[in-house]
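Student: Read off the chains here:
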Amino acid sequence: EAQVTQNPRYLITVTGKKLTVTCSQNMNHEYMSWYRQDPGLGLRQIYYSMNVEVTDKGDVPEGYKVSRKEKRNFPLILESPSPNQTSLYFCASSQILQGMPEKLFFGSGTQLSVL
Amino acid sequence: AQKVTQAQTEISVVEKEDVTLDCVYETRDTTYYLFWYKQPPSGELVFLIRRNSFDEQNEISGRYSWNFQKSTSSFNFTITASQVVDSAVYFCALSEARSSGSARQLTFGSGTQLTVLP
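Which chain is which? The protein sequence lines are E and Y, in order. Position one of the first sequence corresponds to residue 1 (the numbering used here), numbered consecutively onward. Position one of the second sequence corresponds to residue 116 (the numbering used here), numbered consecutively onward.
Any given hint could be a false lead.
[Claimed, not checked] If you only want the chain Y side, here are some residues facing chain E, beta carbon under 10 Å, derived:
no., residue
1, Val128
2, Glu132
3, Gln154
4, Tyr179
[Claimed, not checked] In silico DSS-like links for lysine-lysine, alpha-carbon gap of 30 Å or less:
no., chain 1, residue 1, chain 2, residue 2
5, Y, Lys185, E, Lys71
6, Y, Lys131, E, Lys57
7, Y, Lys118, Y, Lys185
8, E, Lys57, Y, Lys185
[As the list claims (entries may be wrong)] Far from chain E, some chain Y residues (derived; all Cβ distances over 10 Å):
no., residue
9, Gln121
10, Ile126
11, Asp133
12, Glu159
13, Asn167
14, Glu174
15, Asn182
16, Val200
17, Ser210
18, Ser225
These aren't lab readings, by the way, just hints derived from the structure by calculation. Even for Gly, the Cβ is constructed at its ideal location relative to N, Cα and C.
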């Protein structure tokens, strides 16, 4: 089954404790990206990647890191989480068509709470 | 910088009514793509449509239709004869090239919560 798998679904942590949210897709998509969803703000892009070893900042990259060592995986790293990073996070992937992501397939989301 | 505005935060209609969700965008690019996504109460995000900036033809898919007007920078979404299952948050999004020409960023609007009452 074609899917984007995010783990964990729920995570509660404390300020400053490094964490990683994993994202994996099995559709051989070139494009992968991370978003956070906050009430009233919709989805805001954190980072995206057009291919292996190619990453770029989205609208809200501060406090986050990503890596794309393999095509299927795109982990989101919070080196020193803070309470303002409490949010619902989505990973997505897409094939690229005419230089643009064609349509995003989203993971189920990760609800992160930073105390 | 690119921007997407969904001015309608919440809309409530009675089943079988038609409803239009507005989306207004800003971009400096001549080549860009517009999208609509649906987020039902279960939380997953579902792709609905992708439209490129050179194709202004309206599109219809069952009860769903989209009206793209470059002159007003709008890409509105209409649901005809709404049903309770249409209740969801709907997001409009824009993808344009960065000034570098090689990268693509996707910007979402803040979403419209549609509630269809039985």
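Student: Which of the numbered hints above does this structure break?
Tutor: Result: hints 1, 2, 4, 5, 6, 9, 12, 13, 17 and 18 break, sorted rising.
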